[in-house]
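My request is simple: use the sequences and hints to build the entire structure.
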Amino acid sequence: MNIPNRQVVCNVLIELAEQDKNIVVLCSDSRGSGSMTDFANTYPDQFVEVGIAEQSLVSVAAGMASVGKKPVAVSPACFLSTRSMEQIKVDCAYSHNNVFLLGISGGVSYGALGMTHHSNTDIADIASIPGMRVYLPSDRLQTEKLTRALMTDQHPAYVRVGRNPVDDVYEEGNVPFEMNKATFLREGKDLAIIACGEMVLYAKKAADALAKEGIEATVIDMYCVKPLDKEAVLKAAQTGRVITVEEHVAIGGMGSMVSQVIATNNPCKVINLTLPDEPVITGNSKEIFHYYGLDDEGIILTAKELIK
Amino acid sequence: MSTLDLQRKACDIRADVVELIYRSGCGHIGGDMSEMEALVALYYKHMNCCPENQNDPNRDRFVLSKGHSVETLYCILADKGYFDKEELMSTFSAYKSRFIGHPNNKIPGIEVNSGSLGHGLSVAVGMAKAGKMDDAPYRVYTVMGDGELAEGSVWEGAMAGGHYKLDNLTAFVDRNRLQISGSTETVMTQDSQEERWAAFGWKVISIHGNDMDAVDAAITEAKLTKGKPTVIILNTTKGCGVSFMENQAVWHHKTLSEEQYHLALKELKQRKESLV
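Respectively, the protein sequence lines represent chains Y and A. Mapping of the first sequence onto our numbering: residues 17 to 324, in sequence order. Mapping of the second sequence onto our numbering: residues 1164 to 1439, in sequence order.
Derived by calculation from the structure, the hints in this document are not laboratory data. Predicted, not measured: the structure shown is a model, and the values here were computed from it. Be careful, since some hints might not be right.
For lysine to any residue, the following SDA-like pairs were computed, each having C-alpha atoms within a straight-line distance of at most 20 Å [claimed, not checked]:
| # | chain 1 | residue 1 | chain 2 | residue 2 |
| --- | --- | --- | --- | --- |
| 1 | A | K1328 | Y | G67 |
| 2 | A | K1328 | Y | K197 |
| 3 | A | K1269 | Y | Q35 |
| 4 | Y | K324 | Y | S272 |
| 5 | A | K1295 | Y | P146 |
| 6 | A | K1328 | Y | F63 |
| 7 | Y | K37 | A | D1298 |
| 8 | A | K1295 | Y | F63 |
| 9 | A | K1269 | Y | I287 |
| 10 | A | K1328 | Y | E65 |
| 11 | A | K1429 | A | T1418 |
| 12 | A | K1295 | Y | G84 |
| 13 | A | K1208 | A | K1435 |
| 14 | Y | K221 | Y | D206 |
| 15 | Y | K246 | Y | S272 |
| 16 | Y | K37 | Y | T58 |
| 17 | A | K1391 | Y | G67 |
| 18 | A | K1295 | Y | N38 |
| 19 | A | K1386 | A | D1297 |
| 20 | Y | K197 | Y | E160 |
| 21 | A | K1295 | Y | E65 |
In C-alpha cells:
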C-alpha cells in the first residue's frame, strides 16, 4: 500500500529541515490528519501549533515568512481554502509572503462527512486571487517532486492533496516533472483528456482502455492548475476534442480555465467532468466519483460520446 | 528624544497629516490623530528602525493593523527619510500613485499590507514567534483600532500571543471609543478591554493614549515585561489635536474645507509653540 500524498510532504520536510532551520510547519490541531506528527516529534522547535484557528494559522505563517522563515501551513483543505481565504489573499498573496499552504483531505476525501468537509471550490477560491498559485499533484511520486520545487522558490502556493493513499501514476525513477509544465502521459490523435489530482489516474486508465478499442487519447496531468500550462492546453485542442476531469465544481475550476484558453485561441469541443453545483451524495470518495462520472468508466463513456 | 520633543514632533506630524488629507481630498483623519502619540513615540524613540537599516533582519517590526490610519504612518516615514515627502503629498491616492489608502509593502518602511481589519495581530504574532525561535533581538509592535476588536480573528491572535508568552510583542489598542457608525459601545460592546486581554494572558497597561509621557512610560514598561506579551490600551480622543474634530465620529473619514485646513494648521502651530 502506498503512503498518502500528505505523508510524502511530511517526509520531504523532515529531510530538508535537518539542514534548513528556517523551515517551520504550522498546524491548526491538524498534525495527525495532516500527517505532520512525525515532523512535530522530530523538530519540535520548528513546529507551531495554533489551535483550531485557521485564520490565525495563515496570518502567523505569513508573519513568519516576512521575517525569513519558510512556513508550511497545514490544515484540511475545506477550512484552509474558505475560512482562511482572506488571510491567503491579504497576508500571503498581496503582502508577497512565501507561505506553502497545504490543503489536506481535499476534494471529497472526507466522503460521508458532508459539505462542511468537502473542498469542492478550493481551486476557484484560491486561483482567483492575484499572486496565488494552485497545485493538485496526482500521486506520491509527483507530490515529492512538487514539494521539493516549492521549498526552493519564493512565492506563496496552495497545494491540495487527498486523504487516502492513491495508486501510482508514475514509476519509481521515472517521474517526468518540470515546474509549471503539465506532464503528457500519452499522446493520441483522437481526443485529449486533461486531469488534475486524483483524477489523473482515472484518465490514464480510461485512455488505456480506449486504446484497446482503437481510440487514441492524449492524457495530460495538469498538476499546475495555476499557472495553467496554456501551451499544453493548446496542444490538447489540436486533437479537436477535449475532456477535462477534476474533483471540483465546474465554475472556476481547472476545466473552466482550460475552456477559456481554448475558446480564445483554438475553439473545439470541450466537456468538463466535474462535481455538481450542489452538495454531493453521501458515500466514500470512490462512490462519489463513480456517481458523478469522475472515474475511468465515466471518462470512457464521455469519450465515446464525444467521438461519435 | 525627550517627551517634550516627541510632543512637538507629534504637532508637526499632525500638521503634515492635515496637509496630506487636505491636498489629496481623502483620508481617515480621526484615527490618524488619535494614534499619533503611539506612533511618534515608537518611531522617534523606541523602535530600532530607520531608512539605513530597513533591510536589517534585526530591525524592529511595526504592523499597522488599523490600516486605514495610514496617513500618520506615511507622514512619519516621509519625515524619517524613507521616501520623498513631496511625492507623498502630491500623489497620495492619485491615479497610478504608489501611495494608496492603506499600508502596502512596496513602500519602503512598510512591512506588510493591511487594510482589512483583524489581520495585523496574528501577523505580528508570527513575526514575534519567529524572533523567539531564532533568539533574535528585534521587537514587534502592532496598532489596532477599538472597533477592529470585534473581528474574531483578533482573538485568535491574542490567544496565540498569550499561549506562546511572546514578551517581544507589544500591541496597542487605539481606544477612541468611536467607529464609523458612532460609539463603539452602541455598535458592539467593547468594555472591558482590560479584562478581556488579561484573560488571554496578556499584561495590560491602560493609559491616556494622547499623553506622551504616559505612552513613553508604557512602552518602556512593555519592553521590560518578561513572560507575556503586553497590550497598551490607549484611551485616546478621536481627532485629537484639532478641536473641531475631537470626539466627532463624522471625522472618521472626512476631508477639510479650506477654512478648516487653515484653522487646523493654526491650532497645531499654537499648540507646538506652547510646548516649551
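> Of the numbered hints stated previously, which ones are contradicted by the structure, given in increasing order?
Replying inline: 2, 3, 4, 5, 9
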